[in-house]
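Undergrad: So you can see what is in the structure, the chains are spelled out below.
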Amino acid sequence: DQQVKQNSPSLSVQEGRISILNCDYTNSMFDYFLWYKKYPAEGPTFLISISSIKDKNEDGRFTVFLNKSAKHLSLHIVPSQPGDSAVYFCAASAGSNDYKLSFGAGTTVTVRA
Amino acid sequence: NAGVMQNPRHLVRRRGQEARLRCSPMKGHSHVYWYRQLPEEGLKFMVYLQKENIIDESGMPKERFSAEFPKEGPSILRIQQVVRGDSAAYFCASSPQTGDNTIYFGEGSWLTVV
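First to last, the sequence lines map onto chains A and B. When you line the first sequence up against this note's numbering, it's residues 1 to 113, in that order. When you line the second sequence up against this note's numbering, it's residues 1001 to 1114, in that order.
In isolation and in its complexed conformation, chain A is listed as follows (with noise of 0.2 Å):
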């Protein structure tokens, strides 16, 4: 069962231009919301979180955006730069059982120049 999703496997964006992913989860006990980026043959790097008391969270060029009752996140990058050109799995945990991460299934940005 497939909790965490995301609907895009693919987006292309020029540089500059705001990269926009999207993420949707089904399980309402999720109450923590995490992005990865990861580049091919690495491992995921963690990017930004975000809590289920917030619907936003922002670092640097990075923004999550959280719709508790859309049961929806998006991650935010601008300006888009060559070096975003990864894959962003969206990964939410629920309560104690924060280490059990259920993951999406990645969506690969590529960054346009």
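Errors might be hidden in some of the hints.
Negatives, chain A to chain B, calculated, CB over 10 Å [to be verified]:
no.	residue
1	N7
2	V13
3	A70
4	K71
5	D84
Cross-link-like lysine to aspartate or glutamate pairs, in silico, EDC-like; alpha carbons within 20 Å at most [to be verified]:
no.	chain 1	residue 1	chain 2	residue 2
6	B	K1044	A	D31
7	A	K100	B	E1068
8	B	K1051	B	E1068
9	B	K1051	B	E1072
10	A	K5	A	D31
11	B	K1044	B	E1068
12	B	K1071	B	E1057
13	A	K56	A	D31
14	A	K5	B	E1040
15	B	K1062	B	E1018
16	B	K1044	A	D98
17	A	K54	A	D24
18	B	K1044	A	D24
19	A	K100	A	D31
20	A	K54	A	D98
21	B	K1062	B	D1086
22	A	K5	B	D1086
23	B	K1051	A	D98
24	A	K100	B	E1041
25	A	K100	B	D1056
26	A	K5	A	D55
27	A	K5	A	D98
28	A	K68	A	E42
29	A	K68	A	E15
30	B	K1071	B	D1056
31	B	K1027	B	E1072
32	A	K100	B	E1057
33	A	K68	A	D55
34	B	K1027	B	E1068
35	B	K1044	A	E42
Bear in mind the hints are in silico, worked out from the structure with no lab data behind them. Remember, predicted model here, so these are calculated numbers, not experimental data. Every residue, glycine too, gets a C-beta built ideally from N, C-alpha and C.
On the provided structure of chain A, position chain B as indicated by the hints.
TA: Just chain B, lined up with the frame of chain A:
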């Protein structure tokens, strides 16, 4: 993901052989997790260990797979009698404690079963 060390990075095994994947957590981290990524899928939780204890193995296949984190040395994920469907990337992660909410991944071990 700097600091979580996995080896080997790439491993090729014939069907029926055993695969052993090793993971040394980041310095100061006592909690280790193993995840698996099958082709075209996201990472899936397999097992959570602390030193000498398996805390949660709810994501481990019931047969052929085992994990340990001994008092001394790295954590080991062991797959016996490998089959082609075991071909995947296996990622180890660590954290200093639960409740930290963020776990840090190693660079992965790619297992290919031929």
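Undergrad: Now look at each hint and say whether the structure bears it out.
TA: So, going through the hints one by one against the coordinates:
{"no.": "1", "hint": "N7", "verdict": "13 Å, holds"}
{"no.": "2", "hint": "V13", "verdict": "22 Å, holds"}
{"no.": "3", "hint": "A70", "verdict": "21 Å, holds"}
{"no.": "4", "hint": "K71", "verdict": "17 Å, holds"}
{"no.": "5", "hint": "D84", "verdict": "17 Å, holds"}
{"no.": "6", "hint": "B/K1044 with A/D31", "verdict": "18 Å, holds"}
{"no.": "7", "hint": "A/K100 with B/E1068", "verdict": "18 Å, holds"}
{"no.": "8", "hint": "B/K1051 with B/E1068", "verdict": "8 Å, holds"}
{"no.": "9", "hint": "B/K1051 with B/E1072", "verdict": "8 Å, holds"}
{"no.": "10", "hint": "A/K5 with A/D31", "verdict": "16 Å, holds"}
{"no.": "11", "hint": "B/K1044 with B/E1068", "verdict": "18 Å, holds"}
{"no.": "12", "hint": "B/K1071 with B/E1057", "verdict": "19 Å, holds"}
{"no.": "13", "hint": "A/K56 with A/D31", "verdict": "14 Å, holds"}
{"no.": "14", "hint": "A/K5 with B/E1040", "verdict": "13 Å, holds"}
{"no.": "15", "hint": "B/K1062 with B/E1018", "verdict": "16 Å, holds"}
{"no.": "16", "hint": "B/K1044 with A/D98", "verdict": "14 Å, holds"}
{"no.": "17", "hint": "A/K54 with A/D24", "verdict": "17 Å, holds"}
{"no.": "18", "hint": "B/K1044 with A/D24", "verdict": "17 Å, holds"}
{"no.": "19", "hint": "A/K100 with A/D31", "verdict": "12 Å, holds"}
{"no.": "20", "hint": "A/K54 with A/D98", "verdict": "17 Å, holds"}
{"no.": "21", "hint": "B/K1062 with B/D1086", "verdict": "13 Å, holds"}
{"no.": "22", "hint": "A/K5 with B/D1086", "verdict": "23 Å, violated"}
{"no.": "23", "hint": "B/K1051 with A/D98", "verdict": "19 Å, holds"}
{"no.": "24", "hint": "A/K100 with B/E1041", "verdict": "16 Å, holds"}
{"no.": "25", "hint": "A/K100 with B/D1056", "verdict": "9 Å, holds"}
{"no.": "26", "hint": "A/K5 with A/D55", "verdict": "19 Å, holds"}
{"no.": "27", "hint": "A/K5 with A/D98", "verdict": "18 Å, holds"}
{"no.": "28", "hint": "A/K68 with A/E42", "verdict": "31 Å, violated"}
{"no.": "29", "hint": "A/K68 with A/E15", "verdict": "31 Å, violated"}
{"no.": "30", "hint": "B/K1071 with B/D1056", "verdict": "18 Å, holds"}
{"no.": "31", "hint": "B/K1027 with B/E1072", "verdict": "14 Å, holds"}
{"no.": "32", "hint": "A/K100 with B/E1057", "verdict": "10 Å, holds"}
{"no.": "33", "hint": "A/K68 with A/D55", "verdict": "8 Å, holds"}
{"no.": "34", "hint": "B/K1027 with B/E1068", "verdict": "18 Å, holds"}
{"no.": "35", "hint": "B/K1044 with A/E42", "verdict": "16 Å, holds"}
Consistency note: the structure conflicts with the earlier hints numbered 22, 28, 29.
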